[in-house]
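Produce the complete structure using the sequences and hints provided.
Here is how the chains run, residue by residue.
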Amino acid sequence: MIWNEQKECMSRDEIAALQSARLVKVVNRVYHNVEYYRKKMQAVGLEPGDIKGIEDLHKLPFTTYEDLRDTYPFGLAAVPRSELVRAHASSGTTGKPKIAVYTRHDIEIWAECFTRCLSMAGITKEDIIQIGYGYGLFTGGLGAHYGAENLGAMVLPMSTGNTQKLIDMMIDCDVTAIACTPSYLLHVAEDLEKAGLVDKVKLKTAICGAEPWTDEMRDQMESRLHIKAHDIYGLTEMMGPGVACDCEFHKGLHIWEDHFLPEIIDPKTYEQLPAGTDGELVVTNLTKEGMPLIRYRTKDLTSLEYDKCDCGRTMARIQRFKGRTDDMLIIRGVNVFPSQVEAALLTVEGTTPHYMIIVDRIDNNDTLEVQVEVAEDAFTDEIRSLEKLSKTIHDKLKLAIGLNAKIKLVEPNGLDHSDGKTKHFIDKRKLYQ
Amino acid sequence: MRIKQVSIFLENTEGRLDEVLKILAQGNVMLRSVSLADTMEYGVLRMIAEEPEKAKQLLKDAGFAARIDEILAVEVPDAVGSLAKVVAMIHEAGINIGYIYGLSIDGDGAPIAIKTDDNAKAEALLEAAGVKTIGMENL
Ligand SMILES: [Zn+2]
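For the record, the sequence lines run as chains L and F.
Reading the first sequence from the start, the letters are residues 1 to 433 in my numbering.
Reading the second sequence from the start, the letters are residues 1 to 139 in my numbering.
Worth flagging that the hints you see were computed from the coordinates, not collected in a lab.
All figures in this text were calculated on a predicted structure; none of them were measured in a lab.
Treat the hints with care, since some could be wrong.
[Stated by the list, open to error] Beta-carbon label-pair distances, calculated as ranges:
#, chain 1, residue 1, chain 2, residue 2, range
1, L, Asp360, F, Ala93, 48 to 58 Å
2, L, Asp363, F, Asp38, 23 to 33 Å
3, F, His91, L, Asn162, 41 to 51 Å
4, F, Leu36, L, Asn404, 39 to 49 Å
5, L, Lys194, F, Asn12, 47 to 57 Å
6, F, Glu14, L, Asn162, 33 to 43 Å
7, L, Asp327, F, Leu36, 30 to 40 Å
8, F, Asp106, L, Asn162, 52 to 62 Å
9, F, Leu31, L, Glu349, 27 to 37 Å
10, F, Asp118, L, Asn404, 32 to 42 Å
[What the hints assert, rightly or not] Now the stretches of chain L that chain F is said to cover, found in silico as 3 or more residues with beta-carbon under 8 Å:
#, region
11, 372-379
12, 382-393
Even for Gly, the Cβ is constructed at its ideal location relative to N, Cα and C.
Okay, structure coming up:
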């Protein structure tokens, strides 16, 4: 079902005209209201008047994570503090998280975007939906929640951490839809199979995101749970989940181009690339008031297709994600950078700066192991002090990245550090096709 | 009396243990006792060698984290409850025991290695109570 046909099925000409008008407005807003953006534009000799439409987009400087870090926490806010009603955050490469702030209107647009996604997945106000994303600074829980309420569906705000309760309520309440990470849904499927409860479940639709997944995972979910599964995309910096979603034809994720202006660039030359060519996805907020980002580099590698979809929607489709241009790992839906692990380890006495992160997926659960070299002088003959060291590392990491890692202490020089640029992680999961 | 114990960190006990023993054998180091304490992830191998300094150096040269600690070697009388008495004595004096293991050396009773956080005090205590301790020369 198409929630907002007037917008979702506009002609390409109408989309371009709307985007141009909105781009001019947002550029004016950030130029006049955000000192950081004004200086950035001035540095390249740009004035708001130079941007007359989307054809001038390429003239604008990019926004990167570093810009968010330099302006942390509210330096990119484009409205007075009193207009902001919420903030969300996700991990940054070091220390400070990436923060996004929202006005009431931004929250409404977010709900609208998420509602379009739910509707695209065939979910209606007749559905009972479990939200299995974390509620909190993470955008997943509240983003999905507001979207589902806006749709009129009945929401069970499960959050994360209690699969047994999720399953019990799924059965008791005749839950028909679920929003969670794809790996978690497969984990739920496994538990349902083990308990012989798959037939008791009324689930019809899943809308999964926060981590990349493959067609093979979709096939598994759909056949094991007898459901339809849809992929939803988003990022905290731009808004949260609901930026794009795939329809029943699964030909890529329709991005809501009336609110987000996507482009693909060559991550090395920064040139814009034509449709169908792989590169880095760059997105501009067209309507966001709280903290509109101009040409934000997502670091996600993909391509865009613009032809009309069989579903009737005209909005561009983000193709399969091919990977990332940085070393960000998404573990259990949480963004983790090796540099965060490194920074945390530096605070633990008795370890060397050598470490290795090993991520795997076992029984559809992401596993995280951090191997740390014990400093030669920190080794003791007592197991309990080594266990204490291991626990200290675990706790520091938990604080830094919000995940429980299995800590493996290794011998001094036990890890390969033949050259200074040794890769700090091994990802054994097959997330990209 | 106290004896010197060489200990090393073993990241995975299976393959590495073999390597350690080979290194020591090739270096002509005589091992009198060996005790392996391991967890799911790693282990600590504790050894009583005739030439502890040499053993430590050989292992360090081979890249192991090795260290030497002093431990108490106690000759526990061959009678039911005598180890319990020894442990209780140390405990009641407010001394913490890190670990205990049996030593495979000849003696009158059962030779036991005890690591405490105050070996000197524990030793004095035991000797005063008539419990014999073993020194390096008795190995
Ligand atoms: Zn479509």
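Verification of the supplied hints:
One distance hint, 48 to 58 Å for the beta-carbon pair Asp360/L and Ala93/F, holds here, with the actual separation near 49 Å. Separated by about 26 Å at the C-beta atoms, Asp363/L and Asp38/F satisfy the suggested range of 23 to 33 Å. Hint check: His91/F to Asn162/L, Cβ distance near 43 Å, so the stated range 41 to 51 Å holds. Look at Leu36/F against Asn404/L: about 28 Å separates their beta carbons, and that is not inside 39 to 49 Å.
Our hint of 47 to 57 Å for Lys194/L and Asn12/F is violated, since their Cβ atoms are close to 32 Å apart. The given range of 33 to 43 Å is respected by Glu14/F and Asn162/L, whose C-beta atoms sit roughly 38 Å from each other. The beta-carbon spacing between Asp327/L and Leu36/F, approximately 38 Å, falls within the hinted interval of 30 to 40 Å. Checked against the hint of 52 to 62 Å, the C-beta distance between Asp106/F and Asn162/L comes to roughly 60 Å, which is consistent with it.
Distance hint check for Leu31/F and Glu349/L: the Cβ-Cβ separation is about 32 Å, which falls inside the suggested range of 27 to 37 Å. The given range of 32 to 42 Å is respected by Asp118/F and Asn404/L, whose C-beta atoms sit roughly 37 Å from each other. Residue count for the region 372-379 of chain L with a Cβ under 8 Å from a Cβ of chain F: 3. That meets the three needed, and the coverage hint holds. Check result for the region 382-393 of chain L against chain F: holds, 6 residues qualifying (beta carbon to beta carbon below 8 Å, three or more required).
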